[in-house]
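Novice: Using the hints, position chain B against chain A.
Residue numbers (this note's numbering), protein chains in the order written: chain A, 1 to 510; chain B, 1 to 324.
FYI, nobody ran anything at the bench for these hints, they're computed from the structure. Keep in mind it's a predicted model, so treat the numbers as computed, not measured. Among these hints, one or two may not hold up.
Rough simulated footprint, nothing fancy, chain B against chain A, three-plus residues with beta-carbon under 8 Å [said to hold, decoys possible]:
#1 330-342
#2 353-359
#3 368-375
#4 386-400
Beta carbons are placed, not taken as given, at the ideal position from N, Cα and C, and that holds for glycine.
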Amino acid sequence: MAKLDNLLTPRGDTMCDYLLKIQNITKKFPGVVALDDVSLYIKKGEIFGIVGENGAGKSTLMKILYGVYKNDSGQIFLDGKELKNLTPLIAQKMGMSIIFQEFNLLSTLSISENIFVNRLSFKNRIFVNWNVLNKRAEELLESIGYTMDVKRLVSSLSVAEKQMVEIAKALSFNAKLILMDEPSATLTNKELDKLFKVIETLKKQKITIIYISHKLDEIFQICDTTAIFRDGKVVDTKKTSLFTKNEIIQKMVGRTVENEYPARTKINFDEEVLRVNNLAIKNKINDISFSLKKGEILGIVGLVGSGRTELVRAIFGADKKISGDIFINGIKRSIKSPQDAINLKIALLTEDRRGQGLFINYSIEKNISSTIIKKISKRMFINTKLETIIAKKAISDLKIKCTSEKQTMLNLSGGNQQKVVLAKWLVSEPDIFIMDEPTRGIDVGAKYEIYVLMNSLTEKGKSIIFISSEIQEVLAISDRIIVLYGGKINGEFQREEIENDKIMKHAIGQ
Amino acid sequence: MNIKNNIKLYLNTIYRSYTMLLALIILIALASILSHSFLTVQNITNIFRQVSVMGCVALGMSFVIIGGSFDMSVGSTVSLTGILAISLQPIVGVFWAMAISLIVGVSIGLINGTIITSINGTQGDSFIITFGMLTVIQAVALIITKGFSVPGSNNKSYIFIGNGDIGVIPFSIILFVVSAIIMQIFITKTSHGRNIYYMGANSEVAKLIGIKVKFYKIITYMISGAMAAVAGFILTARVNGAAPKAGVNLEFEAVTAIVVGGIGLKGGEGTLVNTIIGVLIMGVISNAMNIIGISSQNQLVVKGIILIAAVCVDIRKKGIMGEG
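This is chain A alone, in the form it adopts within the complex (with noise of 0.2 Å):
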């Protein structure tokens, strides 16, 4: 038997250097094979990168291993020792962890109850111990350096702080094994840099870490071996240091990518098209004045709590403003609710897709059509031939992948959820398109076809205020960026003088 791992084993290593071995495990959903026959070896102690495009069967790999999702065939072993019928509850105790992007804290309770959420007595004493239970979360966290007090309420976190909280939930499992889905998808640069000294902390206890990520430079910057996961195949796996950013690229999108984002031509903007002045929030945005011109392309850039989301909000009449007057096409207009945004042609895509932007248990079509649903109804009755026509032209339009425009929202893609709130947007023909973090949690070709999307918009005379964590994107995208600092406009600048560390500068208060 050892002699046939041995043939298994992909980079010539004995079998019982691996803490983990997943075995040619096959999960099939209906019209779909989301893993196909899938074979992965992680070291002990080793960060394990996995990258691949939405609905490429990571999330599925990562489900099968926190037993939500059984596998139709294949095996895993965790130390040697073959793990059957597992159920979240079992993955922990065998001293596995998962940390989902959404996390799976408790909001109500305190940061000690919630790493010891089930265990909260020890030696099975009926009643709670708090300054041992305090005290042992406090250890925890200081074990990856950080100080917090853990009486705080999980609410009053922010995300990063949150994803410290997990990690500490996963050590006081004994965690061999922590699994990371997209960590750094919510994290600010700054906060990115603190949870790769945790990792490098936990790497150092021996603890093995599988990193799934969208970034590739995160995956060059600390993981030491990567797979890369494609159509529910693993198409390659080996020391991240032997890859090209290139080779991955092409070898999860399947084909060549000759640039990460598309040209953007220069033109010369004059019509202004929006003209915010004064804009005030309570405790938010302070006096914040700026305007867009007619295909112009304007990114704002500023942290978590900067505000931004907040002010794009206000705009569009989501949530109250104390003070500011908004000027559309030259004119003074109130904007007082959604309804008044969409009247005047503005169109606000949320940063939060499952919550804000998509009836996730209805189909692709009552999505697209939703905006539009008093224009294709003829004295109140709905043209449902219309609907469907109008689905079926988005989705090929803006090649949404699905079996038909009947398919619900949940079994698509990040990607493709994404196109269908554009879609659904594309369809009310707005003149001012509010894109919140567009992009946040999609793949790279997905990324692409955005871009490509955003570009022939303002092409047609459409504006786009484009907000983004991601600097990079950010930059490459926009003709103009403000910086958003504590609720006020901390600098501006033209495409041509666009740089990098000096936009970071001024997000970070500088």
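Specialist: Relative to chain A, chain B alone:
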């Protein structure tokens, strides 16, 4: 591949919409075996007559539930509007008595909806608030009647609502069926109906695409109030008299029928076809229990268990469908 998937999707939809219909057919078959008097024309019309009151309540409440809220105030709204319709007749005549009752029913909905939207209430809030309203209206009904029943109307056309027949079909059944058809067309075919679905599925998303969420929420409550008033007419016309507690438990029976019929409690799901199937299932069960001779207390036990079971099935169904 594409066609195959479409067929699969289609079969799945059929399966989901028709499981409860199948359950209804099985129930009818069972009841006919248990008692020979079950499957007679007279008994079937009887079932319809019995369910028309609760059915109207359930139709209105379905709008509220599809819209993502609850309306537990309907039981006492039926009592109050029934009392008003009967006791105002000698003073203002049949037409105005009914008109005023209908306005009262709609106004109760307006108040419910306004309170809930003004505090941006959640589904849970709406449950508690309308529950409070249930108590308030019950009390009003008791105050107006001083706790006594109101003797019936001697107006023939009013009594016709509850007891009259058109051909062989009782008028109350026609009223229920016609309301159901109009409401079903409204909610599934019109833009307003679709907006109610969008609101129920995710009111934040609905708000951000410019749907007047508050307006539609209030509308669903007003429709629920109106249908409770219609139920009040049928009830008081049939028994020819109004009692301050005549509507007690109707909200419970309506919720049971809706959940049994398969309308998801989370909102944004199901149609009135589900409601009608649920209403008929509950009607057949009550009728069968009456025929077999099960006491009304024991019947309540059965109905309560059915509600609990139906909610469990509803939740499980969602669990299986999963969050992907």
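Novice: Take the hints in turn and mark each one as holding or not.
Specialist: Evaluation of the provided hints:
1. Against chain B, the region 330-342 of chain A contributes 5 residues with a C-beta closer than 8 Å to a partner C-beta. That satisfies the three-residue criterion, and the hint holds.
2. Note: the region 353-359 of chain A has 5 residues with beta-carbon separation from chain B under 8 Å; the three-residue rule is met and the coverage holds.
3. Counting residues of the region 368-375 of chain A whose CB lies closer than 8 Å to any CB of chain B gives 4, which reaches the minimum of 3, so the coverage claim holds.
4. Interface restraint, the region 386-400 of chain A with chain B: violated (0 residues with C-beta to C-beta distance below 8 Å; minimum three).
Checked against the numbered hints above, the structure breaks only hint 4 and satisfies the rest.
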